[in-house]
Amino acid sequence: MRLLGASRDWTLAAARGWDRFWFTPQRPHTLALIRICGGAMLLYTHLIWSFDLEAFFGPHPWLTVENIRLMTQGPDGRSYAWSHLFYIQSPALLWMAHVAALAVFAMLTAGLFTRVTSILACAITLSYCHRATGAWFGLDQINAFIAMYLMVGAAGDAYSLDRWLALRRGAAADAGPRIDTNIAVRLLQLHMCVIYLFGGIGKARGESWWDGTAMWMALANLEYQSLDLVWLVRYPWLLALLTHVTVFWETFYCFFVWPRLTRPICLLLAVFVHGGIALALGMKTFGLVMIIGNLAFVYPEQVRATIGWLGRLIPARQPRENAAASEAPPLRKQSLAAAPR
Amino acid sequence: MNGDMSKRQAAGEQEPLPQRSATDSAPKLWIKLVVSAVLVFHLSAVFIAPLAFAADYSSPLVNAIYGVLRPYIAAMYLDHGYFFFAPNPGPSHLIDYKVEFADGRPPLTGRFPDLQTERPRLRYHRHFMLTESLNNRLRYPLTPPAEPTPPALTATAEEKVLYQANRQADERERASWRMTRRQFEAMRDSYAQHLQALHGGSRVTLTRIEHVLPSPVEVRLTGRRLDDSRSYVVQPEPPRLGDAP
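Heads up: the sequence lines are chains A and B, in that order. Per my numbering, the very first residue in the first sequence carries number 1; after that it's consecutive. Per my numbering, the very first residue in the second sequence carries number 342; after that it's consecutive.
Honestly, I wouldn't trust all of these hints.
Residues from chain B that keep clear of chain A, each with C-beta distances beyond 10 Å, as calculated [claimed, not checked]: (1) Val-375; (2) Phe-382; (3) Ser-400; (4) Ile-406; (5) Lys-439; (6) Gln-457; (7) Leu-475; (8) Pro-486; (9) Leu-494; (10) Glu-500; (11) Arg-515; (12) Thr-546; (13) Asp-568; (14) Glu-578; (15) Gly-583.
A few chain B residues that face chain A, going by a derived Cβ cut-off under 8 Å, partial list only [as the list claims (entries may be wrong)]: (16) Pro-391; (17) Ala-395; (18) Tyr-423; (19) Asn-429; (20) Pro-430; (21) Arg-523; (22) Pro-557.
Sample of chain B residues at the chain A side, in silico, Cβ under 10 Å [claimed, not checked]: (23) Ala-416; (24) Pro-432; (25) His-434.
I should point out that these hints are in silico values taken from the structure, not numbers from a laboratory. As the structure is a prediction and not an experimental result, all values here were calculated from the model. Each residue gets a CB set at the ideal place from its N, CA and C atoms; glycine is no exception.
Work out the full structure, taking the sequences as your base and the hints as a guide.
Below you can see the structure in the form of structure tokens.
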């Protein structure tokens with residue numbers, strides 16, 4: 001009987017934990033910041049496709065649609081890759097679709113008609129990713145899931161044209177917390193944990209991550225290199241330290257990012273590692289998009305306070321009436337305590 | 342309402358933070374259950390794709406779950422291993438090309454990726470991934486794996502059973518090898534056709550190059566440069582699938 005009671009208590013506690021984790025309303029500021037940064041990255045990523053649009057997606061592309069279908073076949077011989085670009089043959093139509101896609105990403109970044117543009121942005125991003133099989137890398141993987149989760153929550157509820165328009169219509173200065181926003185942020189957090197866990201597991205299978213030379217192998221790769229750090233070869237212990245810190249941080253990120261005590265350290269290391277990739281390994285976009293993904297672990301109250309502080313640094317030239325409306329009210333202890341962790 | 346708000350704002354009053362919007366009263370239990378089921382489904386897909394990759398698609402349990410979820414995983418672009426710079430950061434791969442013209446013009450040569458012409462950096466990286474993807478689809482050995490030797494006529498029943506089991510596993514391995522080789526050939530041909538169409542040539546030849554990484558000891562003791570010409574190694578082209586024994 002005692003065992004039965006303990007099991008029931010445990011199940012109830014687990015159910016309450018699940019309920020609290022997923023169904024506690026969250027303020028929109030974190031997701032809105034991710035929308036701005038992630039939307040800008042989506043816009044930039046797709047803007048760069050403009051240089052080679054026909055070379056990659058046109059009538060004589062690097063990889064034909066038949067190639068893509070072949071490359072994405074599973075063991076059962078079926079491909080589930082899909083893209084509107086599979087069906088566009090005419091360069092004029094291709095350019096029209098591309099310009100429309102860029103407009104959608106710009107609207108998402110600005111937070112205009114966010115509910116609609118976030119869904120469109122996700123569909124377009126996945127569509128380009130499927131079509132660009134063979135040319136994609138980590139950036140596209142992260143772009144895709146950021147776009148996916150932006151459409152889950154109310155990403156336009158703060159720092160957006162939607163919010164500005166709502167204010168003009170007389171809405172409250174601050175949109176309230178929402179459950180869908182919390183779910184979106186939770187999904188982003190868990191997806192980041194999965195990425196780092198398997199990144200760490202993958203590295204743990206390579207001997208260079210154990211003998212401390214992996215960092216050298218990355219830095220000495222001329223095709224990646226954007227900052228000459230070959231001089232580090234004189235300090236093998238430093239290369240080994242960077243190697244070991246990277247693999248341990250990645251593997252255990254999924255544990256240490258949750259407690260309040262270790263979260264700042266985890267996020268600081270993320271900025272350090274991905275900043276390093278951006279500066280030294282020629283992948284500014286990938287490094288930045290990983291940092292954007294890590295924003296999911298910054299509390300909305302902190303985002304709000306930081307952006308409010310940044311806003312106050314800019315000399316206000318707006319009329320007093322508007323200034324009062326945009327000023328962030330002080331945070332209340334109750335709201336901080338209720339914020340999901 | 343607008344007027345009220347404007348008056349408050351003009352007076353410097355601050356809007357209180359709403360604790361909960363009207364639309365977010367606690368959802369009914371059945372809604373939570375449905376949402377939870379969707380979340381479990383999605384997160385299973387997020388987790389199982391890199392797990393199957395890490396397990397090299399060898400675990401029967403993981404493969405079974407992956408097989409069920411694969412349509413969703415693939416369609417939602419979740420089919421990734423996230424093995425960034427893993428298991429080891431390796432050498433880079435480049436492609437040299439030569440376009441020949443039927444009208445007697447001198448051949449055109451080039452290399453991709455090319456940091457000088459492909460700017461900004463993201464453009465360069467797209468071309469870099471083309472060469473890396475091609476290399477990733479080259480499975481070794483370059484010729485099809487040999488079939489297992491049949492058991493001798495005097496073999497025991499147990500040996501014959503084991504041979505049949507090994508043969509089935511071997512056949513799956515060969516089918517996988519043939520698939521990746523087909524992909525490799527299709528990609529390589531597609532690159533050549535693209536360059537031919539781009540430059541209006543009559544024939545294109547591709548040469549795959551591996552840029553080998555120098556060891557720290559080589560660099561420290563001999564001062565070897567990263568762009569040392571000896572570190573660019575021409576890769577042997579495998580026989581076409583039709584020509585393979």
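query = Was the hint right that Pro-432 of chain B lines chain A, CB cutoff 10 Å?
reply = It holds, given that the least Cβ distance between Pro-432 of chain B and chain A is near 7 Å, below 10 Å.
Ala-416 of chain B as chain A interface residue, shortest Cβ-Cβ below 10 Å = Holds: closest Cβ of chain A sits about 5 Å from Ala-416 of chain B, inside 10 Å.
request  = For the hint on Pro-557 of chain B, just tell me whether its beta-carbon gets within less than 8 Å of chain A.
outcome  = holds, 5 Å
task = Over 10 Å to the closest beta carbon of chain A is the bar; see if Leu-475 of chain B clears it.
result = It is violated; Leu-475 of chain B is separated from chain A by about 8 Å at its closest Cβ, not greater than 10 Å.
query = Beyond 10 Å from chain A, beta-carbon-wise, is Asp-568 of chain B?
reply = violated, 6 Å
message = Please check whether the beta-carbon of Ile-406 of chain B is more than 10 Å away from every beta-carbon in chain A.
response = Given a closest Cβ separation of 14 Å, the condition holds.
key: Given as non-interface: Thr-546 of chain B, which should sit over 10 Å from chain A by C-beta   = holds, 17 Å
task = Would you assess whether Glu-500 of chain B, listed as outside the interface, keeps its beta-carbon beyond 10 Å of every beta-carbon in chain A?
result = holds, 29 Å
task = With 10 Å as the threshold, tell me whether Lys-439 of chain B passes as away from chain A on beta-carbon distances.
result = holds, 17 Å
query = Far enough from chain A: is every CB of that chain over 10 Å from the CB of Pro-486 of chain B?
reply = holds, 17 Å
query = Just checking, Arg-515 of chain B versus chain A, shortest CB gap more than 10 Å?
reply = Since the minimum Cβ distance to chain A is about 13 Å, Arg-515 of chain B lies beyond 10 Å and the statement holds.
query = Does Phe-382 of chain B really sit off the interface, with its C-beta more than 10 Å from all C-beta atoms of chain A?
reply = holds, 12 Å
The structure fails hints 7 and 13 (numbered hints given earlier, in ascending order).
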